[in-house]
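K.L.:
So the chains spell out like this:
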Amino acid sequence: MTPTERNLRNGRRLGASLAFPASIIVLMVMVVPIFMLFRYSFNHFDSSVMVEGFTFESYVKFFQDPYYRKVFLNTVGVAAVSTVLALVLGFPVAYFLAKSQSRYKSLFIILLVFPLMVGNVVRAAGWMVILGNAGFVNFVMQWLGVIDQPVRLLYTPLAVVVGTTAIVLPYLILTLQSVLEGIDFSVEEAAQNLGASFPTTFRRIVLPIAAPGVAAGTMLVFILSMNAYATPVLLGGSGITMMAPALYDQITKVSNWPFGSALALVLVTATLIMALLSSWLIHRRYVKTMAS
Amino acid sequence: MAKVSLDRLKKQFGASVAVSDFSLEIADGELVAFLGPSGCGKTTTLRMIAGFTEPTAGTIRIGEDDVTNVPVHKRNTGMVFQGYALFPHMTVGENVAFGLEMHKVPSAERDKRIGKVLDMVRMSELRDRYPRQLSGGQQQRVAIARALAIEPRVFLLDEPLSNLDAKLRSEVREEIRALQRRLGLTTIFVTHDQEEALAISDRMAIMHDGKVQQVGFPEVLYEKPANLFVANFLGKMNIFAGHVESPGRFVTENKLALAIEGSGAAATQVGVRPERIILSAEPLGPNAMPGVVDSSVYLGSLIDVRVRLDSGELIGCQLPNSAAAGARPAAPGTRVHACFRAGDCVLFSE
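Chains X and B supply the protein sequences, listed in that same order. In this text, residue positions in the first sequence follow numbering that gives the first Met the number 0: the first is 0, and each later residue adds one. In this text, residue positions in the second sequence follow numbering that gives the first Met the number 0: the first is 0, and each later residue adds one.
Where hints are given, some of them may not hold.
DSSO-like mimics (lysine-lysine), calculated; alpha carbons at most 30 Å apart, straight line [as the list claims (entries may be wrong)]:
#1 X:98 with B:73
#2 B:115 with B:166
#3 B:223 with B:210
#4 X:98 with B:9
#5 B:254 with B:235
#6 X:60 with X:252
#7 B:103 with B:115
#8 B:166 with B:235
#9 B:9 with X:104
Just so you know, the hints here were simulated from the structure itself, not pulled from any lab data.
Pulled out of the complex, with its shape left as it was, chain B reads as follows (with noise of 0.2 Å):
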């Protein structure tokens, strides 16, 4: 396996600019997940990387080589497609042995090669049938062993998972975790889905609009986002319009006065996860808001509840179905107090 660094990448469609200004190192054996919404230019860096697109200007580098304008064939990546793009006149062993046979790989060992692919992804048994006996799944795991087979130095992954039903779908999520780990495969995975991102990858890079908002640690992106579209991307956000009016207070455009922590004097908007949000009839700490409840919605694990604030406000809030019941004031009409703490604000100034 291999390290990739894109440098500068662009890709431009006539007018309408795809993808602009990514670079990024992915080091060898890290799984980097590319997140977005689609149309942000996540699958097109990918196919960058494959060398499906040709990008305007940057360069692409594996291990020490710059791939730029190195043709699909000779660059050796191993793709699993969306759709899977088995070849349907093949049987599975086919499929497997024609990437094997490309690279010249003598027939012994390619064989072999097929056998140990196919025991990695649990489908030896279903070597001689064709694609269309398979179900959705099986059909997943073939692709990713054609992909492996070939030993390639990069292991890139288009929406792998979104043909999938939802139980399958994190089952196949752990198992392409748990062989990337294995195999210390340098991995891209693309995926539109912010959960399949969060649990599967070691860095992520979140798009929009053909640019990287952020790239970092799940929980770096998650706690403390650069943007608001990360923010809102990632998960929920009570976000408060207003100005630091001295260092640690932020007044929202309400007067709301809000304890916050950090230096951002420029801070124009202050965000709050839902679920870092505590309701109680006492005021808890600096940032005590009293309000009532608007409405509730019994989620199973969760109780989502809309509190609206005596300044104006209406925020979310996502209390624990815990235990301690009895401590939820959530029917609505309840008066509460919603407080978080300085530390869980988020500084965002655009």
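Isolated chain X, as found in the complex (with noise of 0.2 Å):
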């Protein structure tokens, strides 16, 4: 072996060696946990306390009782309308910051990056405010003679939805940003030269070239709308409730371990599927000729 073959062969298991604490780390707290969870969705749940079996008892439940498969489909629709909003509105910001040349450039990505510094807590906390009846929004509405009495704002789904939006936002800005800067934007150029207008080239060939980009995006706000806890809490109340709080209840205030599991379950099972099936439906939109 010559030092040359020696030395690629000792950096590649540095390089193995070096990814093997993570590894072991993430099979720890993620294939584990989710294994035992998948295992107790099937045990038999006796008015308080879990017993071990195998019985579809705690998914036939999720299917047959409506109001589960009303949490269920204010989950996806909340983070659908989530996700599309961060996409209409996050998207021409990437895209000038993308394009921007200004030395203000870098103050504004740190601005972007502020509110992940804070907790979703907090923020949930400051839409509370805004929100409240005797919020930022109505008394500005009230001020403006636009309504006589305080329009209930907080504890809807469209509360969970602003809050949702407003969250998930900086990391579909960010991950589309990062992308569109690998953009040669003479292409755009190129497409105005040959007779394109600016709304043409943009749907032509901005978007399809940004579209991996997009979809990854997509994809990571999706998931993170679909597993919101804190806002659906803070914002929602008892006017909508969604997966992450319904399985957490079952888990902590009624101890039903199997129920939980069985939500917590559906959850990342609807979420992987969404996920994976919105992202694949943007690449074959867009991407099917750019694989190579």
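With the hints as a guide, bring both chains together as one complex.
P.N.:
If you want it as structure tokens, here you go:
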């Protein structure tokens, strides 16, 4: 073996050994609990305790109880609307950020990262102040004379959508921006030179080229929205229930581990399926030609 | 195709002036090269003509139309970008089709035209390939085909050869020129490569610091450069500083007397191209300056010789590596006379 080969082999070994600790941790905190939840979900719940067994009763309950069907649809609905809203609001920001030559660009990026340093609970509390009956929005609308009585904004699906969108927006913008940054924007000029207006250039050239990034960002944001906990609890209150709070309640309040586990698995599975589906749809629409 | 007229074009970015007072008439079917070092404003000018950059002042006419305020997508110029800017998610055929679609060419004719332009650049075989499956030279051809498919009024090329290797560069250069002649394309070709500009253009405009230094036929610019920048940018030139003592007689700072032609009482410098100097043991003609060969570099077809004149100047000479090799007094230390004709002296007054 030549020294070069030995060096290469040592490098590969070092890389593998460095990846090992993280892999073990991921295995322990991810795979093991999911496997245990999977097992629990087939156990029997005897009014207050979990009894070892193998039954589908938790799943049957989920699919038969209209309340939980509603919880599930609420979750999918809020996640879908928040994701689309975040895309519509975030794409232009990411696009202009990616193209910007401004010296304030890094300042903008820091401002975008800033909300990520504040916890979701704190940000939800902020929205409570804004959306409450005596909150900022109601105050302004009353002052303008648009309404006489405060309108109920807090503890509605709308509040949850607004809060969730605000939380996922920075993630989406940062993901999109890093992808858009890699695009050679002379293709835009080429398209315009060939007679395409700005909207056409955007639709036919920029969007398809950005599609892989859009797919990645959409997937990330959809997963975050589906699994949100603090935002639906604080902003949804009793007005709307979503999956993560529902399964938390099952496990902590009624100690119904089998049903809580079933809800968790439904949530994980549905999230994965829909995230992959949305990503696949974007890929099929735009990226099929880019694959090598 | 159409003629292009630029009238006192100016572009300012904040406080820095990128292009100033650029006026030029480009005839229908003419190829003009914008030549200059990077940052001289040549690309900015091209981008103003294409419409990507808005001029601060001045007007641009294509044919009889004032297009100064016409947006890019309505200008109908065909541009080839330095990095080609092919659409990565479209095949060669789709890339070419895009412009035709934008110009609302009916699909039957579109297909015919795609075939025609791809034939023109010999890329028909690769019509269904994606850009990433093509070599640099092939991508270049597609970029040209795409720009020409829309039958533009002006053909704009921004350093189109700079990403190709040397051999391919001269090949593609010949092809572009042949195509341009055959189709009678009014063409603007931006380059920083003087040889490229000399080889390809009908006329060239040499730019420096946002200003046009000289516009003219390649041979005129080379033989009679208007100033020292042009002289030194297009090849090399030996410069003697001094003054005109009497008509036809220039005296350098080192008291070297040169016979010159032409009037130019204000001339303060005289330039001679290295390849116009003959080295000979005996003095030949009126300008024969004694000196000693300082060094010589063998360049294959040429021999680059430096001669230290007895008056002190170090001058460069380029001798052809011709059959009469014995007549070459090129060995360092040899005493020679550097001789050149009065007509080969270029006068500068700056």
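K.L.:
Against each hint, give a clear statement of whether it holds in the structure.
P.N.:
Hint check results:
Of the pairs offered as hints, the one joining residue 98 of chain X and residue 73 of chain B holds, with about 23 Å between alpha carbons and a cut-off of 30 Å not exceeded. The suggested pairing of residue 115 of chain B with residue 166 of chain B holds, with an alpha-carbon distance near 27 Å, which does not exceed 30 Å. A C-alpha spacing of about 19 Å is found between residue 223 of chain B and residue 210 of chain B, which places the hinted pair at or below 30 Å, so the restraint holds. The hinted pair formed by residue 98 of chain X and residue 9 of chain B meets the criterion: a straight-line CA distance of about 25 Å does not exceed 30 Å.
Taken as a hint, the residue 254 of chain B and residue 235 of chain B pair is honoured in the structure, with Cα atoms around 23 Å apart against an allowance of 30 Å. In summary, the hint linking residue 60 of chain X to residue 252 of chain X is supported, as the alpha carbons are separated by about 18 Å, within the 30 Å threshold. As the CA atoms of residue 103 of chain B and residue 115 of chain B are separated by approximately 18 Å, the hinted pair is consistent with the 30 Å bound. Restraint check for residue 166 of chain B and residue 235 of chain B: the C-alpha separation of about 24 Å stays at or below 30 Å, so the hint holds.
Restraint check for residue 9 of chain B and residue 104 of chain X: the C-alpha separation of about 29 Å stays at or below 30 Å, so the hint holds.
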